[in-house]
Amino acid sequence: LETEEPSVARAVVRSTGGFILGLSLATAYGLLELLVEGHSPWGCLVGTFTLAAFLSLGMGFSRQVRVTVLLLLPQAFSKQGRTLLLVAAFGLVLQGPCANTLRNFTQASEAVACGAELALNQTAKVLERAKQPLVSALNKIKAIAQRAKQVADRVRKFFRSIMDGVKHVARALRNVWYWLLHIGDVCNSELGNPYLKCARVFDDAKDSCMKVIPQAYHLCFVLMPFKLMLCGLASVVQVFCIIPGYIQTFLRETMSTPVRNLINRVRQEFEFNMTATHYFSVDLNASRSLSQVALDLQEAVSMKLYRVREALALMGYTTPLLLLLLYLQALYYRYGYLNWDSFNNVYITSRFLRMEAVRSRAGLPTVLPLTAHEARHYIQPGSIFLSRWEQIFCILAIFHLARHLLLVLFLVFLDYAVFWVLDLARYHLQGEVVARSPVFMSITVEGAGSTGKIYRDLVSAFDVLQQGNITVLSRRCQLHPSEPNSTGYIIIGVMYGLCFFVTLFGNHVSRLRRLICASYYPSREQERISYLYNVLLSRRTKLLAALHRSVRRRAADHSHMSILLVLAGRCSCLVPFISYFSQHQTYCLGCGQPQDEGDTENSVACGTPGCRGLFCLTCFRLLGNTCSVCASPLSYQEELDLELDSSDEEGPRLWLAAAHRKGPEQEALLRQQLQEALGRTLSWDSMSESR
Numbered sequence: 001l002e003t004e005e006p007s008v009a010r011a012v013v014r015s016t017g018g019f020i021l022g023l024s025l026a027t028a029y030g031l032l033e034l035l036v037e038g039h040s041p042w043g044c045l046v047g048t049f050t051l052a053a054f055l056s057l058g059m060g061f062s063r064q065v066r067v068t069v070l071l072l073l074p075q076a077f078s079k080q081g082r083t084l085l086l087v088a089a090f091g092l093v094l095q096g097p098c099a100n101t102l103r104n105f106t107q108a109s110e111a112v113a114c115g116a117e118l119a120l121n122q123t124a125k126v127l128e129r130a131k132q133p134l135v136s137a138l139n140k141i142k143a144i145a146q147r148a149k150q151v152a153d154r155v156r157k158f159f160r161s162i163m164d165g166v167k168h169v170a171r172a173l174r175n176v177w178y179w180l181l182h183i184g185d186v187c188n189s190e191l192g193n194p195y196l197k198c199a200r201v202f203d204d205a206k207d208s209c210m211k212v213i214p215q216a217y218h219l220c221f222v223l224m225p226f227k228l229m230l231c232g233l234a235s236v237v238q239v240f241c242i243i244p245g246y247i248q249t250f251l252r253e254t255m256s257t258p259v260r261n262l263i264n265r266v267r268q269e270f271e272f273n274m275t276a277t278h279y280f281s282v283d284l285n286a287s288r289s290l291s292q293v294a295l296d297l298q299e300a301v302s303m304k305l306y307r308v309r310e311a312l313a314l315m316g317y318t319t320p321l322l323l324l325l326l327y328l329q330a331l332y333y334r335y336g337y338l339n340w341d342s343f344n345n346v347y348i349t350s351r352f353l354r355m356e357a358v359r360s361r362a363g364l365p366t367v368l369p370l371t372a373h374e375a376r377h378y379i380q381p382g383s384i385f386l387s388r389w390e391q392i393f394c395i396l397a398i399f400h401l402a403r404h405l406l407l408v409l410f411l412v413f414l415d416y417a418v419f420w421v422l423d424l425a426r427y428h429l430q431g432e433v434v435a436r437s438p439v440f441m442s443i444t445v446e447g448a449g450s451t452g453k454i455y456r457d458l459v460s461a462f463d464v465l466q467q468g469n470i471t472v473l474s475r476r477c478q479l480h481p482s483e484p485n486s487t488g489y490i491i492i493g494v495m496y497g498l499c500f501f502v503t504l505f506g507n508h509v510s511r512l513r514r515l516i517c518a519s520y521y522p523s524r525e526q527e528r529i530s531y532l533y534n535v536l537l538s539r540r541t542k543l544l545a546a547l548h549r550s551v552r553r554r555a556a557d558h559s560h561m562s563i564l565l566v567l568a569g570r571c572s573c574l575v576p577f578i579s580y581f582s583q584h585q586t587y588c589l590g591c592g593q594p595q596d597e598g599d600t601e602n603s604v605a606c607g608t609p610g611c612r613g614l615f616c617l618t619c620f621r622l623l624g625n626t627c628s629v630c631a632s633p634l635s636y637q638e639e640l641d642l643e644l645d646s647s648d649e650e651g652p653r654l655w656l657a658a659a660h661r662k663g664p665e666q667e668a669l670l671r672q673q674l675q676e677a678l679g680r681t682l683s684w685d686s687m688s689e690s691r
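Numbering (my numbering), first residue to last: 1 to 691.
What the hints contain is simulated information worked out from the structure, not anything from laboratory work.
Nothing here was measured: the structure is a model prediction, and the numbers come from that model.
Don't take every hint at face value.
Taking lysine to aspartate or glutamate and the EDC-like style, the derived pairs with C-alpha atoms no more than 16 Å apart in a straight line are [unchecked claim]:
{"hint": "1", "residue 1": "227", "residue 2": "207"}
{"hint": "2", "residue 1": "79", "residue 2": "390"}
{"hint": "3", "residue 1": "227", "residue 2": "204"}
Build the full structure now, drawing on both the sequences and the hints.
So this is what it looks like as structure tokens:
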């Protein structure tokens, strides 16, 4: 493309202005990142210097970069710019109200964890207090059992000494017993039975005598009297062996059994059973400490909010990406402007009007004024009215912005509601709440024995539990909610106000893109204007032909738009029924809009006698101020397309009447064409009647 060569001074001014503008834009971006987005100063400094180097040097020494950056400024008011503002504003909402809501939830979770730890500590203290009396009672029971064991040991030693003495006596008695028991056997074994031994001697002597003198054996019986006398004296010695047997029986019955029973009674006197049973179980074992449990609660809440925090952190880095997207959009617009004739070519500029004036003075076809349909699509750059598509996009953008505003208002309300609830809880729960027993109950145990002491220790547990104070609420667990930032809300309101301004007037500002490209590429702008003019002119020619066809079709249907009226025009028997249910209404034969026959300001009726032509001002102007019903063959003689029956007399009559008004030559020419088309001769009588 050929462009105008600027002068050296003008080029220097443009380069200097571009350099300063680049530095200003980079500075504005750095302030936006630092003050609004809240990024780190080091990151903002690096990003600002990088952007400043690109913008200042590019706009100062490169015409393409200068055009692209200048296109970027009105591009910020386009759909993509509005999206950038919405994302930036929503990022502020996420970093402001949403982050504050998360902080308040974190504060609440920390307070709950502190309360849980406090409750566990109080429970441990109560258990410790309840355990102390039981432990002391258990210690006393153990002491009593130890003393009883010592007494039992002493009794056991005493009993063993008694048992040793008794066993010694028993052993002596047993020896005497055994002597008495065996003295008879010893006497018999030593002395034998004196009588039997004496009798055995006499018996042996008798037997020997009888063997010696068997014939005088009766002499042997002389020894028998001596036997009785002498052996009777020997039986007296047997008394000494019989006396111990009687003494043994006497001792068994008189001394042995009573002594054994006495010893058993003594043993029973020293035998006793002592049983001490206690049941006491306090299980305070835990795998984690109380502080670890509270820390786990806080970590669980943090893990639930981890993804949300990561999303909030990523939202802070969307602005550079969206600026890059806007820059690419500006490059795309510049490319489309230079290469595509129909790209954003809908503006009726001053150059277009000058071309229209030149063609009008030269007698060439023109395109102005535009039709109603064209006026909704093609507009002037400085017009405050929007085109049809711009209106549709503006309405959709307003609904999109309203949806965003509802979401933002909900998040802001949620932030205020959470803060209000937590602040209300902080106000009512400040200070310390200590629970004390309202009624003290005392139990008195009388008695001075060991059992009484044990009972008194057990009863003291009730006193410890009643006198112990339980801390229900402590200042250490007090809530400290984060207050909403009013300055951030003002910035968010300004951002959404700017979004609303861009939504309403973004289409007007976006028209500056064409002006910027036209100022840098004037020859390309002239080519685009010529292309637009040719497009409108070609559409206008096609529109005129379509309008003629529409007029002929509606004239054949007697300008009826309803199907019932068309049927009534074709079938006369249906006219009474249809006219009863429907009212007669006239329409423009060109566009079909309802018209009033008496309204001469907005409609034009044909002046030819018998012609039913009725047109609106726009259609009549497009037809060249000529009725297409009766004079259409005059306008389109080269494209005469007549569809008439041989019995159709009304159409040729109207055409000939209109031709007679314009001149005899045109009437004769039209008559010849009609006769050739119909194949018959037209009578002059019918023509004269029409005149």
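Quick one: which hint numbers does this structure break? Sort them smallest to largest. none
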